[in-house]
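> Build the full structure now, drawing on both the sequences and the hints.
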Amino acid sequence: MATPATVHAHAPQGFIRKYIFSLDHKVIGLQYYFLALTAVFVGMFLSILMRIHMIWPTAVLPLVGEIKPEQYLALMTMHGTIMVFFVLTTAPQGGFGNYMLPIQIGAPDMAFPVLNMLSFWTTFVAYMVILAAFFVVGGAPLHGWTGYPPLSAIQSSGPGEGLGADLWITSIAIFCVASLMGALNFITTTLDLRAKGMTMMRLPLTVWSWFITAILGLLAFGVLLSAGILLLMDRNLGTSFYVPLVVVNGVQMAHKGGSPLLWQHLFWFFGHPEVYIAILPGMGVASQVLSTFSRKPIFGYKAMVYAMLSIGFFGFMVWGHHMFMSGMSPYSAFAFSLLTMCIGVPSAIKTFNWLGTMYKGRIRFSTPMLYAIGFVSLFVSGGLSGPFLAQPVLDIQLHDTAFVPAHFHLIMGVAAIFGIFAATYYWFPKMFGRMMNETWGRVHFFITLAGTYAIFMPMHYAGLAGQTRRYSQFTEVAYLQKLIPLNTFITYAAIITVAAQFIFVINLFWSMFKGPKASDNPWEATTLEWTTATPPPHDNFGGVTPVVNNGPYEYGVPGAAKDYVMQTDPATGAAH
Amino acid sequence: MGLALMVLIWLITLISTYFFVAKTWWLPVGASAATGWIDRQFGLTFVIMGIVFLAAQLALGYIVWRYRESPSSPPVQYSHGNNTLEITWTVLTTILFIGLNLMGSSVWASQRFDPPEAGAVQVEVTGMQFAWYFRYPGPDGKYGKTSFSLMDPSAGGEAAVGLSNNDPAAKDDVVTGTMYLPVGREVDLSLRAVDVIHSFFVPQLRFKQDAVPGLNIHMHFKPTAIGEYEIACAELCGLGHYKMHGMVHVVSPEDFDKWLAAREAEKQ
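Just so you know, the sequences run in chain order U and P. Every letter in the first sequence is one number past the one before it in this note's numbering, and letter 467, counting from 1, is 1235. Every letter in the second sequence is one number past the one before it in this note's numbering, and letter 9, counting from 1, is 105.
Please note: incorrect hints may appear among the correct ones.
[To be verified] So, partial list: chain U residues that the calculated Cβ filter (under 10 Å) puts toward chain P:
1. 836
2. 841
3. 1091
4. 1098
5. 1149
6. 1241
7. 1242
8. 1244
[Unchecked claim] Derived PhoX-like pairs: lysine-lysine, alpha-carbon spacing no greater than 25 Å straight-line:
9. P:339 x U:1250
10. U:836 x P:339
11. P:238 x P:354
12. P:267 x P:238
13. P:238 x P:363
14. P:119 x U:1250
15. U:1330 x U:1128
16. P:363 x P:267
17. P:354 x P:267
18. U:1282 x U:786
19. U:1024 x P:241
Because the hints were derived from the structure by calculation, they are not lab data. Just so you know, even glycine gets a beta-carbon here, dropped at the ideal spot from N, CA and C.
In structure tokens, the structure reads:
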């Protein structure tokens, strides 16, 4: 059994063992990160094609040609699936979690390095399988990232529902296996490998967020995996878990007795916690960064931990709020709705505490801080449309309209992405030993924040006016035609915002090689990753085992020599 | 930098709020009995969330500008939080969110748990890729049998929903591609789908319900204004989802009877 101690007796020398099939959590973290970076560009490219098709349905695009309605739906399906799984689940948890969690708790590596390598390469296989769906006969599936059967279960229900749909569901199943392995590793590592003195209540909030995310992943991905296997069986082995008697294109299918709602229950039992899997690490990073750059302890550390725990807990009891219009028992809507509103409470607590952290601080506007502030703004905006959608009676009007993508893009999409950006700018010096360019970081931030709102605020208006989701064009319904100007604005905003992301990528790669050298602790931060060399040595602490004496956010301690006290510094005796 | 950030956050907040308050794009004018309830609950939620939105964003903008680091800024307030404040805002948000939720629940209940009024018009709605069909049971008040083996979507009308001509109750069933409803009378709706999930959405009637294969979902609502309203399928159903479109004609009771009688006459 390869435990961290045996693995890290000496660093591997060969290129393949060092960079490809590496057991080092730092290398694996970067592998996840770069996989997600390619995925986010694929996902953005697809969304731009969608936005262009919505406004100019007959446009002939270079390389792509004219997009047909079914191809629009394939772009949409792949955009959603790639973004949710291979970006929002992969980068914050697999990427930064892998790289930083062991260092922040003072461990030499993850608990199971081989399992860690395996979970990355399994994710990689899943990624290749989903990309392959573009290139098979019939193309990618058109059933949306939620894949509701019977549409997703019957091969003749539309183009892309043949091999493309099989690849789609296979990829998700493989991804589930990878995530389960990762979740086990994160949980074990957090519980067992903390350095001396690193009590649970001294963990940085980032570690708490990765830990809770891993628990959610462990409970959620198993269900999705089972649901996916059943769907594959319905599609290929003639079972009828999800399909009742149906007639598709005038042909009666062999299925009978299945329930389309069963899939929705299983899918959303995963799907709702998945929202928190995407956003919790962002909350952790925002807390860490806001405290660091406000030069103040986080406001209400314990409240933040309990808030994240209760968000995770309630997150498993609200899946039915995606199904108010589905034909599910209308009585259950009360319970799901009430529990959903309950999630608003810890979310509000977090927002208060972030504001409280900055209040009476000394705010430094480095790029990570800008993104953390942007995260709070987006979290508020995206969060406040939640209580609309959580009420079944308002869902009658808003469900499956553009109001819904507006809501979830702001909160689990872009807020989570802002968390990733904050984390990138914040930890880049530690990971690559160089600083990113601040000026271009700021330019990138201002365009991205303004652009994000320009894209997603108007979607709320469109949703209120009744604009239905997943329509490839607005020409067939009279009242939708009136919304074309609004949508044209959104498309232009999207093109500009996506173009601005090249500033980030260029900054990222340029700084990796040409940026000014970073010191070991350029942000004057307190957590353990800033106590070690930059970039960290193979075993993270160069043979030393750190001993923790302080809480994670000791800034501005009265009487201290500097305005920050490292976790490894002698105890300040601060009450915590 | 703090100033620029405050200006940006405030601008975003105020511009976003302006378009909500000006109702440049807003809920279409409602034409059903539920409109009053739904729109009131919507308005209440909107006002409360709007206030929280403005307060939080404006405070965020102000704080980042006010507490920016400068050579003259005072030392930070060394504090790990304040339990009284935490408890206060936890209790306040709980009351606010739960209260809002309970206020909306009676509307939901009345539409779903109570049976339709006596004398409601019976209409069966069938969704299929990519059309809606509407069936009226005729003078006998009974829907005739339909059968999956008889369904022929390409033929349209009765054949599309698989109406069995052997069943006496089917003799007077009327199947149409456009929905007619009398104003001021409840509609007792049966929703079915034959292939994949569709969703029957009429924004002006404040009505939406998925049509699910294998389920026969009963709902009721009451149109209150004469007019023509568009039906847009709201659940992704395949490549023609964007054009799965239909019309509801809400007409006077006399016009409705005339229209139905004419359809019956055509059929005989």
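> For the pair supplied as a hint, residue 238 of chain P and residue 354 of chain P, confirm whether the alpha-carbon distance does not exceed 25 Å.
Given pair residue 238 of chain P, residue 354 of chain P holds - Cα atoms ~20 Å apart, limit 25 Å.
> Is the hinted pair residue 238 of chain P and residue 363 of chain P satisfied, with a Cα-Cα distance of at most 25 Å?
holds, 16 Å
> Let me know if the C-beta of residue 1098 of chain U comes in closer than 10 Å to any C-beta of chain P, holds or violated.
holds, 4 Å
> Please verify whether residue 1024 of chain U and residue 241 of chain P have alpha carbons no more than 25 Å apart.
holds, 19 Å
> Run the distance test for residue 339 of chain P versus residue 1250 of chain U: straight-line Cα separation, threshold 25 Å.
holds, 16 Å
> Would the hint on residue 836 of chain U stand, with a C-beta cut-off of 10 Å toward chain P?
Residue 836 of chain U check passes; min Cβ-Cβ to chain P is 8 Å, inside 10 Å.
> Less than 10 Å between beta-carbons is the criterion; does residue 1091 of chain U satisfy it with respect to chain P?
Hint holds; residue 1091 of chain U Cβ to chain P Cβ min 9 Å, cut 10 Å.
> Measure nothing beyond the straight line between the CA atoms of residue 363 of chain P and residue 267 of chain P; if it is 25 Å or shorter, mark the hint as holding.
Judged against 25 Å, a Cα distance of about 9 Å means the pair holds.
> Does residue 1330 of chain U pair with residue 1128 of chain U here, judged by a C-alpha cut-off of 25 Å?
holds, 18 Å
> Does residue 1244 of chain U pass the interface hint, meaning its C-beta sits closer than 10 Å to a C-beta of chain P?
Holds, because the Cβ-Cβ distance from residue 1244 of chain U to chain P comes to roughly 4 Å (cut-off 10 Å).
> Are the Cα positions of residue 1282 of chain U and residue 786 of chain U separated by 25 Å at most?
holds, 23 Å
> If you draw a straight line from the CA of residue 119 of chain P to the CA of residue 1250 of chain U, is it 25 Å or shorter?
holds, 15 Å
The structure is consistent with each of the numbered hints, conforming to all of them.
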